[in-house]
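Undergrad: Given next are the chains, with one letter for each unit.
2 protein chains.
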Amino acid sequence: MDIKRRMDSSKNEFLEELVEFLRMPSVSAQTDDGAGFRACAEWVREKLEEAGAEARLRETDGHPVVYAEAGDGDKTLLSYGHYDVQPPEPLELWESDPFEPEVRDGVLFARGVADDKGDVMARIQALRMYQEEHGPLPFKLKFLIEGEEEIGSPNLAPFVRSNGDFLSADACLWEGSMKDDAGRPMIFCGTKGMVYVELRARGASHDLHSMYGGLAPNPAWRLVQALRTIKDENGEITLDGLDELIEPPSENDLEAIESIPLDENALKASWGVDSFDRNLSGRAALKEMLLRPTANIAGIQSGYTGPGAKTIVPSEAFVKMDFRLVAGQSPGPVLALLREHLRKRGFTDIEVVDMHGVEAAKTPVDSPVVRTAIETWREAGREAVVYPTVGGSGPTSLVATELGIPTIMTGAVANVGSRIHAPNESVRLDDYFESVAYFARFFERFAG
Amino acid sequence: MDIKRRMDSSKNEFLEELVEFLRMPSVSAQTDDGAGFRACAEWVREKLEEAGAEARLRETDGHPVVYAEAGDGDKTLLSYGHYDVQPPEPLELWESDPFEPEVRDGVLFARGVADDKGDVMARIQALRMYQEEHGPLPFKLKFLIEGEEEIGSPNLAPFVRSNGDFLSADACLWEGSMKDDAGRPMIFCGTKGMVYVELRARGASHDLHSMYGGLAPNPAWRLVQALRTIKDENGEITLDGLDELIEPPSENDLEAIESIPLDENALKASWGVDSFDRNLSGRAALKEMLLRPTANIAGIQSGYTGPGAKTIVPSEAFVKMDFRLVAGQSPGPVLALLREHLRKRGFTDIEVVDMHGVEAAKTPVDSPVVRTAIETWREAGREAVVYPTVGGSGPTSLVATELGIPTIMTGAVANVGSRIHAPNESVRLDDYFESVAYFARFFERFAG
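Chain order of the listed sequences is A and B.
Heads up: take any position in the first sequence, counting from 1, add 5, and you land on the working numbering.
Heads up: take any position in the second sequence, counting from 1, add 5, and you land on the working numbering.
Do not take every clue at face value.
[To be verified] No farther apart than 27 Å at their CA atoms in a straight line, the calculated lysine-lysine pairs in the DSS-like style are these:
1) B:K145 to A:K236
2) B:K145 to A:K349
3) B:K292 to B:K236
4) B:K147 to B:K80
5) B:K80 to B:K145
6) B:K16 to A:K236
7) A:K349 to A:K236
8) A:K9 to A:K147
[Stated by the list, open to error] Output of the computed footprint for chain A on chain B, the stretches with three or more beta carbons under 8 Å from beta carbons of chain A:
9) 289-295
10) 418-428
To be clear, the hints were calculated from the coordinates, so they are not data collected in a lab.
In this text, a Cβ means the ideal position worked out from N, Cα and C, and glycines have one as well.
Construct all of the structure, not just a fragment, from the sequences and the given hints.
TA: The following block contains the structure:
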């Protein structure tokens with residue numbers, strides 16, 4: 006098909022539909038509004054139907070999964086995405102309403118536009134374009150679009166496990182990838198695992214006047230002391246036994262990493278920092294991001310944090326941490342290590358709350374689907390960069406490991422400056438339209 | 006005068022007026038409402054006039070000081086108090102509205118009732134009773150009631166320094182004291198000093214997806230690392246040079262401390278804890294509270310602290326700390342020690358914001374005003390306990406040191422369970438009425 010001509014005539018419509026999707030505040034971490042959330046899933050289902058797929062909502066114990074099928078043939082492609090988004094907070098840092106999409110200088114700002122609504126819509130529009138131009142796809146395309154990715158997909162595992170038969174496929178396109186700072190599309194062949202925990206400490210039953218600061222147990226100090234045993238003064242992780250679990254990377258992985266460009270200065274500039282953590286640089290920085298676990302403080306709070314000076318000993322303190330895990334480090338054993346690490350050091354008063362865990366997953370960098378992704382980009386005049394894994398996590402292992410489907414991330418609605426999970430999340434409109442065309446070309450190529 | 010008879014006929018009126026005072030939300034740390042705040046000061050002025058004093062508002066660069074004089078004679082007594090209160094947060098922990106006083110089982114709940122509005126009103130009512138029964142006081146009583154104590158009295162020093170002449174007195178009753186867990190009135194002869202700081206760390210210009218958790222500078226981790234150098238793993242303060250500044254306590258102080266009862270179990274029970282920090286107990290616990298500096302975390306915040314699991318590397322982190330200081334440790338030098346301590350360890354990226362400082366102050370435990378306070382309690386059938394100092398701080402040194410006026414805290418509207426600075430602050434109504442009578446008797450005794 007003449008993708009370019011068709012794209013040019015459809016851009017307004019593509020943008021309007023994306024904006025409609027982005028206006029729905031499907032924040033899985035916060036919503037109590039089951040009805041509003043369901044309306045978003047229902048909207049996605051309708052768009053799939055309009056694109057010529059057979060789509061329906063599949064119930065789970067949480068938010069529904071949108072499942073759809075289109076086309077038929079010998080081969081099967083599974084497409085995974087999610088219609089839920091991260092919380093928009095802190096709201097005061099947004100330059101426009103996170104749920105009232107705004108285009109400024111060719112850039113579309115909205116919560117979820119980069120992760121993952123833009124990507125979900127790009128694939129649906131690509132299917133629609135394909136089928137309107139060519140008729141039914143000559144292979145089976147399955148859409149699995151869930152509503153709980155941003156809270157760790159608590160109900161996806163049972164769903165996948167009880168529906169493994171009809172989810173079977175030759176390859177899977179996981180949620181969208183992005184362009185790097187030089188505009189190169191990134192193809193990711195794996196994801197890190199994760200354990201997300203809250204550590205909670207308690208002192209007195211109520212805040213005390215800080216005249217008792219030398220005598221009253223202070224839960225904020227307890228957390229500081231406990232945290233400090235998890236990273237040393239140089240910022241190196243010191244959690245007992247964590248490194249011992251790591252499976253060494255393959256030769257192919259190490260080779261792929263050698264050819265990954267990292268424009269450190271551009272990344273630093275986009276973050277507004279002068280140096281990386283621990284002054285990492287070069288290959289060491291890249292390997293840190295792709296091959297090493299993390300122990301991240303995502304949030305911490307205790308006591309009085311308003312304006313001025315309030316003098317109290319706080320009664321409670323908590324820290325939210327995510328540990329990103331590499332192959333070999335399963336969430337369960339890592340959580341057990343953490344509990345034992347704290348127990349051994351006398352921090353039995355600190356409660357470790359398991360928020361969720363997800364396994365790391367990897368697809369070999371020389372898989373056929375990786376080649377298809379590379380060639381599709383090349384057809385569009387772009388040289389993609391292949392990453393053995395990405396720093397982020399997702400329930401990829403359910404498909405890649407448990408169902409044994411080669412699974413990658415490709416397409417590039419987002420870019421490294423998209424501020425995923427942060428205020429002023431955005432994508433460039435041109436990248437969105439290019440990704441719609443990319444998926445249409447990918448379908449043509451996958452059909453063979 | 007027949008204090009008991011007079012008290013019995015006035016209790017309703019005393020309570021009504023106190024409730025009226027407590028309804029005014031004079032939160033000095035938060036108010037932008039200069040007019041509302043001023044109305045509170047004006048109300049106090051009127052009550053002083055009704056008690057037979059000559060009262061007026063004295064302007065400062067912040068909230069006005071209420072100054073009043075009553076009586077005349079050879080001797081002069083200065084009374085210091087404050088009409089501002091701590092912020093009421095966290096609001097959800099209050100069982101009744103902090104600014105809608107409520108009596109439950111003979112206990113009056115409201116922000117500021119124990120610190121310091123109850124005490125301010127008890128003294129004004131005592132003056133009114135005295136003058137209505139006896140006529141003018143046979144000594145000069147001066148009231149100095151400020152509106153910025155809870156934010157560190159930033160404008161009190163210039164006020165006292167430029168008005169030293171008319172503030173001169175033979176003794177000063179500082180803001181109110183309290184009863185211990187056995188109902189014994191506590192007399193405090195000094196206050197700790199304080200430095201209140203905010204330590205601020207910054208990472209990227211915006212929150213980042215935590216896939217960058219191994220590479221992006223994390224300001225929350227930086228604060229943890231910096232804080233950990235201020236207290237060691239045993240909870241002992243390790244700030245370079247802090248102990249060297251301490252002036253050893255006097256023999257009288259040590260002797261007084263030996264006779265201070267500390268019902269550890271009662272204190273622990275009131276806090277809802279099983280043990281004190283570092284398992285301190287006995288004399289060691291008492292000495293820690295009265296003779297040692299503290300390094301308290303009053304609040305800490307960074308990143309996402311809402312429900313669920315948000316995976317970000319925060320862009321900012323801050324901690325609010327108060328260091329309570331003992332004699333010899335001036336705020337300026339301690340702040341300099343802190344900055345140098347962090348600089349030497351490479352934490353030059355952490356901003357140290359000086360919120361305020363106040364000097365420690367001490368009046369000898371064998372001063373005449375201490376004896377008067379003890380004897381007045383004895384007349385009411387209570388044996389007071391004399392503390393060389395209290396764990397808390399205030400601008401006492403302006404009067405005690407700079408003006409050289411022997412300064413103590415006595416009267417006991419509050420009790421150790423009053424939850425000063427915390428949710429559900431309260432006093433027992435009987436203690437309030439007893440304190441009104443106490444101050445009236447103190448005036449009789451001070452007149453000689």
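Undergrad: Need the list of violated hint numbers for this structure, in ascending order.
TA: Of the numbered hints, 1, 2 and 6 do not hold.
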